[in-house]
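> Here is how the chains run, residue by residue.
2 protein chains.
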Amino acid sequence: MAETLLLSESDLRACLALDAASLDAVEHAFRLLATAAVAMPPILRLDIPEHNGEVDVKTAYLPGLPRFAIKVSPGFFDNPALGLPSLNGLMMLFCARTGLLDALLLDNGFLTAVRTAAAGAVAAKWLSRPESSRVAVLGAGEQARLQLAALRLVRDVREVRVWARDPARAAALAAGLQGVEARVAESVDAAMDGVDIAITTTPSREPLIQPRHLQPGLHITAMGSDAEHKNEIAPAALAACDLYVADRLSQTRVLGELHHALAAGALKDSSALAELGQVIAGQHPGRTSAAQVSLCDLTGTGAQDTAIASFAFDRARAAGKGFVFNP
Amino acid sequence: MAETLLLSESDLRACLALDAASLDAVEHAFRLLATAAVAMPPILRLDIPEHNGEVDVKTAYLPGLPRFAIKVSPGFFDNPALGLPSLNGLMMLFCARTGLLDALLLDNGFLTAVRTAAAGAVAAKWLSRPESSRVAVLGAGEQARLQLAALRLVRDVREVRVWARDPARAAALAAGLQGVEARVAESVDAAMDGVDIAITTTPSREPLIQPRHLQPGLHITAMGSDAEHKNEIAPAALAACDLYVADRLSQTRVLGELHHALAAGALKDSSALAELGQVIAGQHPGRTSAAQVSLCDLTGTGAQDTAIASFAFDRARAAGKGFVFNP
Chain A
1 MAETLLLSES DLRACLALDA ASLDAVEHAF RLLATAAVAM PPILRLDIPE HNGEVDVKTA
61 YLPGLPRFAI KVSPGFFDNP ALGLPSLNGL MMLFCARTGL LDALLLDNGF LTAVRTAAAG
121 AVAAKWLSRP ESSRVAVLGA GEQARLQLAA LRLVRDVREV RVWARDPARA AALAAGLQGV
181 EARVAESVDA AMDGVDIAIT TTPSREPLIQ PRHLQPGLHI TAMGSDAEHK NEIAPAALAA
241 CDLYVADRLS QTRVLGELHH ALAAGALKDS SALAELGQVI AGQHPGRTSA AQVSLCDLTG
301 TGAQDTAIAS FAFDRARAAG KGFVFNP
Chain B
1 MAETLLLSES DLRACLALDA ASLDAVEHAF RLLATAAVAM PPILRLDIPE HNGEVDVKTA
61 YLPGLPRFAI KVSPGFFDNP ALGLPSLNGL MMLFCARTGL LDALLLDNGF LTAVRTAAAG
121 AVAAKWLSRP ESSRVAVLGA GEQARLQLAA LRLVRDVREV RVWARDPARA AALAAGLQGV
181 EARVAESVDA AMDGVDIAIT TTPSREPLIQ PRHLQPGLHI TAMGSDAEHK NEIAPAALAA
241 CDLYVADRLS QTRVLGELHH ALAAGALKDS SALAELGQVI AGQHPGRTSA AQVSLCDLTG
301 TGAQDTAIAS FAFDRARAAG KGFVFNP
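Residue numbers (the numbering used here), protein chains in the order written: chain A, 1 to 327; chain B, 1 to 327.
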């Protein structure tokens, strides 16, 4: 085995951020999903109910990139009682020509957080009205904060309304926002009233967005659902959107908001479904009028993982970060 | 992230061998497959045809074991032209309670080779006649050698006949065998004539074992097929066996010899199909007479990987092997 570069979370945080460059890397991955012979197998999922744990493994080979990532994302929801975070995660980066392990990125989920937020910004860049400035955020976790930060890289956000089940967390998120008018919304209705963009970031099992929330010109990025039982968008609301865009239809059909709309029979005509990469690549027109309501359904793809891991590896190597293990 | 133990191939070779203890670890995994709530998702497979490469990811959680492995097995078949081996591989070992990465086993496929050979021996131990002493081996690669070595841990092998497409490789394998009467067979017919056990270890796409090779009392371990296109046992031969045993039916139905027999319509009655773990656990009688012909269809399971990685980790830690990475 050739040498392997070991990168810790702090190594990675020191050389990569949620910025225009990481957005570009993720956008490129979506473009390749539509234009190149990407190999992206279904997610491998291991459940360990005995310990309230679950593990997802994602991967993709992106033609043109010299390496591919395999990401392992464990979620062990009894960990907080042990003083440990619920979510962890690491990525392996393999040479696409030889299959040798070039790097192990012990990022504890940092790269996933960045690529997930970046995808939200890429969705808003391509699907929301350019002048969008008023934003509703449902949920107040790490992704709520990061999605907002990423969105501000592509849209001039002036007003943010945060709704969360726990008002104290919503208040904390709103208080931490600089340079925008940020406040807590007391209900989903209050949050959604008159906004240009809504970002849903919750693990909700009951839909939050209803048909009454769809005002003309609205763009919704729904990134909370990455499992069958999660559902943020009511089937009737999804069906009422003018434009439905998935990160990957093969995933949203089983894990995303689309899954619930199809299961409820709210959606029948699959010809109107698009993928974000198709819009980026110009294969699909995307939004065609300011009055349309668009929805982007994000479940998280192995393509994003390969893109962000490759980008992080290049940055880390250039910065001389990490520990070279040469057994 | 807590500390992670990095183990190189040489670390692992220094503390683990193909012996009774590793056979026990693998046998225990098979028993658990039949008796415990094992979680073993379908194999994740990534194909990179552009570079003649493929990657398998296997995993399983075995109740009672404190850790679970995720194994990544790349096969890049243009590597020899670059002076590199085609097959590589590594295993990650995670804490089953927290999902934290306890160890990275950079074994380059060594542990896979051991657990694969061990499974063959476990199959022969439970399915072949105890007095079996004459053995045919089809194929002359590393697994041919290791399967024989493992078999000799459970059966008193006196005579070995090696057949391979390349007679020189067959001769080299036969010449390296100590303490048995070993010779090259000029044909599959010659190899199979009068043997008690046959082990098929080739990547053949055309069946080698035909109905005419099934003599009373024969046991066959077919371990070559681990992909849809590989096939060592003719469908009619498989159907003519008295006892068909899989490592895991959900895998052999799509990847193993069973796949071809079902596709050919040679086999219809699925009630006669058993798993090795069921025989070990006493849920299935296994061989019930000396005259029966038995077949064990091995595709390789994530359960074996978790078993061998856990065993190797315990051995390595006891021996003070490896490098502790504490970022």
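Mixed in with the good hints, there may be bad ones.
Here are the in silico distance ranges between beta carbons for each label pair [stated by the list, open to error]: (1) B:GLU206 x A:ASP19: 52 to 58 Å; (2) B:GLY141 x A:ALA21: 32 to 38 Å; (3) A:ALA2 x B:ASP314: 26 to 32 Å.
Simulated from the structure, these hints should not be mistaken for lab results. Here the structure is a predicted model, which is why all the values come from computation and not from measurement. Ideal Cβ positions, reconstructed from N, Cα and C, are used throughout, including at glycine.
> Next step is simple, just say for each hint if it's right about the structure.
Hint-by-hint comparison with the structure:
| no. | hint | in the structure |
| --- | --- | --- |
| 1 | B:GLU206 x A:ASP19: 52 to 58 Å | holds (56 Å) |
| 2 | B:GLY141 x A:ALA21: 32 to 38 Å | violated (46 Å) |
| 3 | A:ALA2 x B:ASP314: 26 to 32 Å | holds (28 Å) |
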